[in-house]
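Single-letter residue listing:
4 protein chains.
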Amino acid sequence: MPEPVDLMLQIEAANGGGQRILDASLDLGKPEYISRVPAVGGICEPIWLRAEGRLRAEYRARVAIDRPDVDLSSLGEVPLHRLPAEAVPYLNESRYCPSNKFHAFVDRRFGELEGGAKVARMRDWIESRFTYVSGSSDAETGALDSFVERRGVCRDYAHVMIALARAAHIPARMASVYALGVKPMDFHAVAEVYLDGDWYMADATGMTRPTQCARICAGRDAADIAFLTAYREIQLVEQEVRVEAYEGK
Amino acid sequence: MPEPVDLMLQIEAANGGGQRILDASLDLGKPEYISRVPAVGGICEPIWLRAEGRLRAEYRARVAIDRPDVDLSSLGEVPLHRLPAEAVPYLNESRYCPSNKFHAFVDRRFGELEGGAKVARMRDWIESRFTYVSGSSDAETGALDSFVERRGVCRDYAHVMIALARAAHIPARMASVYALGVKPMDFHAVAEVYLDGDWYMADATGMTRPTQCARICAGRDAADIAFLTAYREIQLVEQEVRVEAYEGK
Amino acid sequence: MPEPVDLMLQIEAANGGGQRILDASLDLGKPEYISRVPAVGGICEPIWLRAEGRLRAEYRARVAIDRPDVDLSSLGEVPLHRLPAEAVPYLNESRYCPSNKFHAFVDRRFGELEGGAKVARMRDWIESRFTYVSGSSDAETGALDSFVERRGVCRDYAHVMIALARAAHIPARMASVYALGVKPMDFHAVAEVYLDGDWYMADATGMTRPTQCARICAGRDAADIAFLTAYREIQLVEQEVRVEAYEGK
Amino acid sequence: MPEPVDLMLQIEAANGGGQRILDASLDLGKPEYISRVPAVGGICEPIWLRAEGRLRAEYRARVAIDRPDVDLSSLGEVPLHRLPAEAVPYLNESRYCPSNKFHAFVDRRFGELEGGAKVARMRDWIESRFTYVSGSSDAETGALDSFVERRGVCRDYAHVMIALARAAHIPARMASVYALGVKPMDFHAVAEVYLDGDWYMADATGMTRPTQCARICAGRDAADIAFLTAYREIQLVEQEVRVEAYEGK
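Residue numbers (the working numbering), protein chains in the order written: chain L, 1 to 249; chain A, 1 to 249; chain V, 1 to 249; chain F, 1 to 249.
To be clear, the hints were calculated from the coordinates, so they are not data collected in a lab. Please note that the accuracy of each hint is not assured.
Chain V side only, calculated, beta carbon under 8 Å to chain L, not exhaustive [stated by the list, open to error]:
| no. | residue |
| --- | --- |
| 1 | Tyr59 |
| 2 | Lys101 |
| 3 | Arg108 |
| 4 | Trp125 |
| 5 | Phe147 |
According to the in silico footprint, chain V covers these stretches of chain F (three or more CB under 8 Å from chain V) [unchecked claim]:
| no. | stretch |
| --- | --- |
| 6 | 28-37 |
| 7 | 82-90 |
| 8 | 95-107 |
| 9 | 144-158 |
| 10 | 212-225 |
Simulated coverage check for chain L against chain A, where a stretch passes if three residues somewhere in it have a Cβ under 8 Å from a Cβ of chain A [stated by the list, open to error]:
| no. | stretch |
| --- | --- |
| 11 | 55-69 |
| 12 | 167-176 |
Quantities reported herein were computed from a predicted structural model and do not represent experimental measurements. Don't be surprised by glycine CBs; every beta carbon is placed ideally from N, CA and C.
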């Protein structure tokens, strides 16, 4: 960063929502300032900082995952008028998920199912028809493109999953997670659907189970959950993500 | 509605945020159920209902507008790390406002300005270059299209305004309003920008002043603020909006 | 037309290519000028005219259809390097048919078939999954949208058919036709694929057979075959298309 | 190429159209077959070949450029109805140039000019407002994106130039060229506009003059003029373009 830059980091695992932080450390060196902003909805706390030159951010944490490995098919749909306020915006179209276009397809293909069973079938449909191809998408790629191209990376799988769920009037959002089993190891993204009064993960790539994911943050789609947002051009020198299973408690 | 349909209405003027409801009535007939959901961020309370056959919704209110008619140019920019949590998501790209594409244009055209002065110049730029053409856009039209086409209706003006503001790292959202002076009379939409610790209206169509607008609700863009969302196909028979100035208090 | 306007008309049935004009008349009144341009590839002759005020164009023709009602499945694929020059551009992406995005889907869904059998299966696939909905598309709607939305009018069916064929490396173009059996009666559009050394119609709407279509012109997609192109804003007062079967010869 | 692949090469400089091939050699090794297809319109002859394993293609040529370095501003517009058949399709929208969206902008910004003077002003407008950024676009990027983003590489400059010209009802196409002065050296692309009865180059990047360009082929936009089209996935190992000025004749 040749000049001072404002940065927003979303790299800390959230505490709560089916997971507990056992211990954590975050080393950001000495930027000009650091401030935390508790996110709306309370999922995570983005970190703002302003830095210049070279910044090294290192975050380490042990996270206990308490969420059950629920069978999606067993979950019921919440009637629209019973949705809590915080779930309602996740019915709407978003940057990468123009879900209204998928109504006819969803009605026809998954119309006879409901709630979790519908979501599970959608998840399987995507997994069986899409191919995971590193580098096949970029910041412009949306659910429409991915649905047609039948390929993508985790964000694209999640976008299609979200678009299909919303087209069925089931609130759906996108979570960035640290996950076991992702190859190559990197930040991972999964869809989350609102069923039976809570948010449940649905990973259409099939690479992870909810019990293997530590949620960092969630938002409407990839536009909300970047691990790093720089408010001026910067150069990312290196990035490494390591996730390991931890024995004991 | 030949079959029962879930509907979400966002037609009530909000109480607070520079305006007060003096008196109001809402007549929805006898739908199957009605429920209110206080929106996240507290701007408005969408109404859920389920109805069949013919539904007639009539809302009447007197609203006192207290917000000052501030000169946008006088308002300062809030440093990014001082933004409150609720303003942060409005920096992100949304369904109709892929703001990241506008960085170079905004830097070049408005780069020497800051905060409210920058927003005011953007507002004027749009007003002087765009033509208001009824029927020139539809549910697919986004800020990218409108920016190129140089025309649209209020939603399109607002989308471009929002995209430019966000490209300058100023939080911007879209409000649906009842406004004096809109021709033809209809629901109106304006951009709102976060400056000096509050949200300020910026109507790039030039048709209204903040003092003439009663806010209904606000969201990231048109995807969030529809006055009527039907979760099944319906037919809209008739719609009428009337806004009148009210003398006295 | 309050001011003089240049117009291009493509409304005359072509002579040749499986059809013969028995007799025809074209009445354009007295525009400022009229000129014909034999189109590249020789399919049709667009008419240029310049007119002001009110223009009434009336075209009548009897056309004998000689093309056989071939079973697409019986037709073979032309090896790419044997394609005639005039067919090659129809392998490329065009305004409404970004065919490269469909490669994975086409490989997976139709990969085991070849040539005409592949096209026939694609045609059936579209017909069985799409719904014809008048007014569901506009001048912005492309094959990507239609593929996801699973609905459209004749142009949209043709765009998807063309996109799929090109994704399988089979040249495909779009023809505007006068066709028996189209409801409501109007200009109709069908895809044409290049197989076994000639162009064959493939109507994914299932509304017409090749023996019921009189070709007007052909091009890469809807961008090339408009029946009327006005090079300034005009008002279309009325348009009527009537197609009747003609007994005898 | 692990398996046999059909390839289309467009790398030979055209003979005619303001340039003459003095001598040329093309070495393609021993592919399964090679065939030439004289392109429609006669601009170039694409080469089809089928190869497997590793293919090395080397083309060398000396080309004498005879076209004059005309001042675009001096060229007149051809009335629409006088356009030759081959120029007409270049008025239409194409894959990357949805020109109809630019009507209002073009009318407002360049409306008082005509013909070559209008094109020259458009060319200058683009050059002064856009930034050449290697890697800033990809196969999805169209004129709409580039117009908003105000940046791109030669193909993007050309797409915007073409879209603006067509929006002014001036036929415009895209030529791939070998050009002196391009940094880094590579295949180059320029717009060509039809004025005064011929095609004239307009390079909005400002990097080349018509007298420094040897045309390879031309088409509606980048979709038509790829130097290499592979009809199956291949790996491009290396590509080198060298263009040098040649003294004498």
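Each hint tested on the structure:
Here the hint on tyrosine 59 of chain V is broken, as its CB sits about 37 Å from the closest CB of chain L, past 8 Å. Interface hint at lysine 101 of chain V: satisfied, since its Cβ lies 5 Å from the closest Cβ of chain L, which is below the 8 Å cut-off. Of the supplied interface hints, the one on arginine 108 of chain V holds, with its beta-carbon coming within about 7 Å of a beta-carbon of chain L, less than 8 Å. For tryptophan 125 of chain V, the interface hint is violated, the least distance from its beta-carbon to any beta-carbon of chain L being 13 Å, above 8 Å.
Using the Cβ-Cβ criterion of 8 Å, the hint placing phenylalanine 147 of chain V at the interface with chain L is satisfied: the shortest such distance is roughly 6 Å. Chain V is given as covering the stretch 28-37 of chain F, and this holds because 3 residues of the stretch bring a CB closer than 8 Å to a CB of that chain, at least three being needed. Taking a C-beta to C-beta cut-off of 8 Å, the stretch 82-90 of chain F contributes 7 residues in contact with chain V, enough for the three needed, and the coverage statement holds. Figure legend: the stretch 95-107 of chain F, annotated as covered by chain V; annotation consistent (3 residues with Cβ-Cβ distances under 8 Å, at least 3 required).
Coverage of the stretch 144-158 of chain F by chain V is violated in this model, with 0 residues showing a Cβ closer than 8 Å to a Cβ of that chain against a need of three. Only residues whose beta carbon comes within less than 8 Å of a beta carbon in chain V count, and the stretch 212-225 of chain F has 4; three or more means the coverage holds. Coverage of the stretch 55-69 of chain L by chain A is violated [criterion: at least 3 residues with CB-CB distance below 8 Å; count 0]. Residues of the stretch 167-176 of chain L with a Cβ under 8 Å from some Cβ of chain A number 1, which does not satisfy the need for three, so the listed coverage is violated.
Hints 1, 4, 9, 11, 12, counting from the list given before, are not met by this structure.
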